[in-house]
Amino acid sequence: MFFHITLERNMQLHPRHFGPHLRDKLVAKLMKDVEGTCSGRHGFVVAITGVEDIGKGLIREGTGFVTFPVKYQAVVFRPFKGEILEAVVTMVNKMGFFAEAGPVQIFVSNHLIPDDMEFQSGDMPNYTTSDGSVKIQKDSEVRLKIIGTRVDATEIFCIGTIKDDFLGVINDPGASA
Amino acid sequence: MSLEPFNRLVKLAARAFYDDVTIKGENQPKTGRGDNRGMAVIVLDALSRRQWVREEDLAKALKLHTKQLRRALRFFEEEKLVTREHRKESAKGAKIFNAAIAATGDGPQGTKEGDEKMKMHMHSYCCLDYAQIYDVVRYRMHRMKKKIKDELDSRNTIQEYICPNCGRRYSAFDALQLVSMDDEYFHCENCNGELVAESDKLAAEEMGDGDDNARRRRREKLKDMLQKMEEQLKPLALQLARVKDLPAPEFGNLQAWEARAHAAAQASGDSNASDSSKNPQAQGYTGTPMPFLGETRVEVALSGVEAKEEIELDTKPTSMKVLPPWMIKQGMNLTKEQRGEVKPDVKVEQSSSSVDEKKSNMDKEDEKSLQDEYLKAYYAALVKRQEEQEASKKVQQEAELPINVSEAPFERRVGMKSKREDDNDDVEWEEEAPSTGNSGQSYRLADLNVEADASDHDDDEDGIDWEEG
Numbered sequence: 001m002f003f004h005i006t007l008e009r010n011m012q013l014h015p016r017h018f019g020p021h022l023r024d025k026l027v028a029k030l031m032k033d034v035e036g037t038c039s040g041r042h043g044f045v046v047a048i049t050g051v052e053d054i055g056k057g058l059i060r061e062g063t064g065f066v067t068f069p070v071k072y073q074a075v076v077f078r079p080f081k082g083e084i085l086e087a088v089v090t091m092v093n094k095m096g097f098f099a100e101a102g103p104v105q106i107f108v109s110n111h112l113i114p115d116d117m118e119f120q121s122g123d124m125p126n127y128t129t130s131d132g133s134v135k136i137q138k139d140s141e142v143r144l145k146i147i148g149t150r151v152d153a154t155e156i157f158c159i160g161t162i163k164d165d166f167l168g169v170i171n172d173p174g175a176s177a
Numbered sequence: 178m179s180l181e182p183f184n185r186l187v188k189l190a191a192r193a194f195y196d197d198v199t200i201k202g203e204n205q206p207k208t209g210r211g212d213n214r215g216m217a218v219i220v221l222d223a224l225s226r227r228q229w230v231r232e233e234d235l236a237k238a239l240k241l242h243t244k245q246l247r248r249a250l251r252f253f254e255e256e257k258l259v260t261r262e263h264r265k266e267s268a269k270g271a272k273i274f275n276a277a278i279a280a281t282g283d284g285p286q287g288t289k290e291g292d293e294k295m296k297m298h299m300h301s302y303c304c305l306d307y308a309q310i311y312d313v314v315r316y317r318m319h320r321m322k323k324k325i326k327d328e329l330d331s332r333n334t335i336q337e338y339i340c341p342n343c344g345r346r347y348s349a350f351d352a353l354q355l356v357s358m359d360d361e362y363f364h365c366e367n368c369n370g371e372l373v374a375e376s377d378k379l380a381a382e383e384m385g386d387g388d389d390n391a392r393r394r395r396r397e398k399l400k401d402m403l404q405k406m407e408e409q410l411k412p413l414a415l416q417l418a419r420v421k422d423l424p425a426p427e428f429g430n431l432q433a434w435e436a437r438a439h440a441a442a443q444a445s446g447d448s449n450a451s452d453s454s455k456n457p458q459a460q461g462y463t464g465t466p467m468p469f470l471g472e473t474r475v476e477v478a479l480s481g482v483e484a485k486e487e488i489e490l491d492t493k494p495t496s497m498k499v500l501p502p503w504m505i506k507q508g509m510n511l512t513k514e515q516r517g518e519v520k521p522d523v524k525v526e527q528s529s530s531s532v533d534e535k536k537s538n539m540d541k542e543d544e545k546s547l548q549d550e551y552l553k554a555y556y557a558a559l560v561k562r563q564e565e566q567e568a569s570k571k572v573q574q575e576a577e578l579p580i581n582v583s584e585a586p587f588e589r590r591v592g593m594k595s596k597r598e599d600d601n602d603d604v605e606w607e608e609e610a611p612s613t614g615n616s617g618q619s620y621r622l623a624d625l626n627v628e629a630d631a632s633d634h635d636d637d638e639d640g641i642d643w644e645e646g
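If you're matching them up, the sequences are chains A and B in order. Every letter in the first sequence is one number past the one before it in the working numbering, and letter 111, counting from 1, is 111. Every letter in the second sequence is one number past the one before it in the working numbering, and letter 148, counting from 1, is 325.
In short, the hints are calculated from the structure, not lab data. Keep in mind that a hint or two might mislead.
Stated by the list, open to error - Dumping the calculated DSS-like pairs for lysine-lysine here, alpha-carbon to alpha-carbon at most 25 Å:
1. B:Lys-322 to A:Lys-81
2. A:Lys-163 to B:Lys-257
3. B:Lys-400 to A:Lys-56
4. B:Lys-398 to A:Lys-163
5. A:Lys-81 to B:Lys-324
6. B:Lys-237 to B:Lys-326
7. A:Lys-81 to B:Lys-323
8. A:Lys-56 to A:Lys-29
9. A:Lys-56 to A:Lys-71
10. B:Lys-323 to A:Lys-163
11. A:Lys-163 to B:Lys-326
What the hints assert, rightly or not - A few chain B residues facing chain A, derived, Cβ under 8 Å:
12. Ala-236
13. Ile-335
14. Gln-336
15. Ile-339
16. Phe-350
17. Ala-352
18. Glu-361
19. Tyr-362
20. Phe-363
21. Leu-423
Stated by the list, open to error - Chain A regions said to be covered by chain B (calculated; three or more residues, Cβ under 8 Å):
22. 103-110
23. 139-151
Ideal Cβ positions, reconstructed from N, Cα and C, are used throughout, including at glycine.
Kindly produce the complete structure, drawing on both the sequences and the hints.
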């Protein structure tokens with residue numbers, strides 16, 4: 001799920017940036033530092049939408065670095081248990097398949113794949129129904145439900161299932177090819 | 178106060194969930210002697226017949242060692258079935274409790290004239306927490322059902338993987354680290370062995386790695402299990418439903434209960450001389466030696482408890498005042514628990530077949546006569562068995578004494594026989610042997626597993642039914 005929230009961070013700026021474009025440099029550095037990171041609490045920071053407030057800088061003794069407390073608004077993505085997501089399959093093996101929904105990695109183990117889908121090995125490993133009408137392979141798009149999340153300080157990993165109504169392949173590049 | 182359905186619930190739950198629980202310390206070896214399965218049921222049953230009870234008294238009544246009982250009670254405390262209270266008290270405090278016991282009319286009476294000169298001792302009291310038991314049992318059943326159902330649907334279950342080499346376990350959350358580039362299996366981080374998916378815990382036997390056939394078999398097994406569970410727990414579920422809208426009996430904490438018991442005793446006016454003489458001491462115990470505070474204290478108890486308990490307070494004095502209904506109630510209680518203890522199967526069947534209370538009430542008459550018959554038969558069997566034992570022993574003695582074999586083999590044999598007895602050494606047992614009833618009884622009491630029901634009768638009825646039978 002996406003959220004638009006206000007976050008805070010203490011930015012350290014090198015003395016070489018002190019000058020007319022200090023603010024721009026600070027924001028650029030903030031974006032470079034923060035976007036794409038993941039915190040267990042808020043999830044993945046997708047984009048910074050604006051800077052609310054930059055506090056007074058504090059010069060560090062010895063180094064000359066300046067610390068600015070920065071308040072900024074950001075779009076974050078945090079997966080939740082029970083959430084339905086659309087994801088792209090990245091890898092298929094005998095144990096199940098991995099998929100990605102944006103920055104989040106999701107693993108669907110083979111016992112959470114419908115019973116009528118069988119694993120087919122080969123150079124393009126896939127899960128196929130017995131009549132061959134549905135196929136899950138690399139780059140397939142699937143709709144899945146998250147049944148578990150492991151949230152570390154800097155990482156979020158999810159377990160998904162496609163063994164439920166209206167879940168499974170939503171577009172199959174293999175079929176059109 | 179409707180204790181009856183709740184007691185039944187406790188008994189059903191005890192038999193359903195705690196029947197094969199062994200209660201022992203961590204460092205006790207598992208021997209045949211230490212096998213005390215079934216004790217849990219006995220203790221729960223005994224508690225369902227009492228309100229607050231001192232643990233030593235309970236141990237005495239059950240002929241259990243205090244330590245053993247305490248271990249059991251600690252277990253139940255962890256299971257949230259029992260509330261316990263510990264307090265330091267002198268003989269005075271013990272007296273207050275005894276007065277309270279006398280006022281409620283149940284529990285052992287006059288057991289404690291001997292320990293007047295006790296100093297400050299830590300005493301533990303325990304009581305069933307009916308409201309919580311209801312919740313605990315409900316939750317437990319819910320969890321059981323949910324576990325099987327989840328596994329049946331393979332829903333919301335995180336797959337686990339296990340390394341056959343080093344036995345290390347992984348969950349699907351570790352999948353990203355486990356996947357290898359070389360082949361399509363997961364590999365152990367320690368030994369690089371190939372991980373196998375651990376099949377579902379409940380139906381783990383004889384399964385391969387989850388091919389289609391195994392999956393189907395597993396489903397069938399789970400379905401079977403679910404069905405069996407629902408069937409076997411049906412009486413319990415019915416009892417839960419019956420109890421649902423009844424207010425759970427609340428005894429409050431030990432203090433409040435004692436105060437209430439006193440109040441009831443005073444209100445009913447049947448408090449005899451000893452009771453009234455003890456009452457001032459009760460106030461002394463709370464630290465207010467003013468005589469007029471007796472009434473105020475009752476009022477405090479009234480306002481201190483929740484609104485629910487006011488109903489109880491209304492009913493309680495009346496039930497104390499009028500003796501005959503109380504006696505009848507106690508009698509019913511007894512028959513019911515006899516039924517519960519003597520033939521749990523019968524009870525289960527009966528309750529599952531008769532959904533409504535009325536029928537069971539009608540059955541009660543038959544049941545009672547049945548029960549009396551059973552008791553008679555049981556008693557006869559007991560006597561017979563004791564006679565047999567006696568006879569066989571005589572034969573032994575006769576066989577051995579004339580030949581003048583040394584004492585040792587005889588001793589050993591006796592020792593073998595009585596190995597389940599708690600602390601009686603062989604000699605003592607031999608001494609008791611002539612008095613048939615005694616030795617036979619203690620033998621049975623120690624054998625908790627098999628003769629649990631029998632022993633329990635013996636102590637709670639105080640010999641009333643023995644005369645009956």
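A quick look at each hint next to the structure:
1. B:Lys-322 to A:Lys-81: Since the Cα atoms of Lys-322 (chain B) and Lys-81 (chain A) sit roughly 21 Å apart, the hinted pair holds (cutoff 25 Å).
2. A:Lys-163 to B:Lys-257: 37 Å, violated
3. B:Lys-400 to A:Lys-56: Outside the cut-off at roughly 67 Å; violated.
4. B:Lys-398 to A:Lys-163: Distance ~20 Å between Lys-398 (chain B) and Lys-163 (chain A) Cα, so the pair holds.
5. A:Lys-81 to B:Lys-324: 18 Å, holds
6. B:Lys-237 to B:Lys-326: 45 Å, violated
7. A:Lys-81 to B:Lys-323: 18 Å, holds
8. A:Lys-56 to A:Lys-29: Given that 25 Å is the threshold and the Cα spacing comes to 17 Å, the pair holds.
9. A:Lys-56 to A:Lys-71: 12 Å, holds
10. B:Lys-323 to A:Lys-163: 18 Å, holds
11. A:Lys-163 to B:Lys-326: 15 Å, holds
12. Ala-236: Since chain A brings no Cβ nearer than about 47 Å to Ala-236 (chain B), farther than 8 Å, the hint is violated.
13. Ile-335: Holds. Min distance 5 Å.
14. Gln-336: 4 Å, holds
15. Ile-339: It is violated, given that the least Cβ distance between Ile-339 (chain B) and chain A is near 13 Å, above 8 Å.
16. Phe-350: Check passed: Cβ of Phe-350 (chain B) comes within 4 Å of chain A, closer than 8 Å.
17. Ala-352: 4 Å, holds
18. Glu-361: 4 Å, holds
19. Tyr-362: Result: holds, 6 Å to nearest chain A Cβ.
20. Phe-363: For Phe-363 (chain B), the interface hint holds, since the closest Cβ of chain A sits about 6 Å away, which is under 8 Å.
21. Leu-423: 36 Å, violated
22. 103-110: This one holds; 4 residues, not fewer than the three required, reach chain B with a Cβ under 8 Å.
23. 139-151: holds (count 3)
Hint compliance for this structure: hints 2, 3, 6, 12, 15 and 21 are broken, all remaining hints hold.
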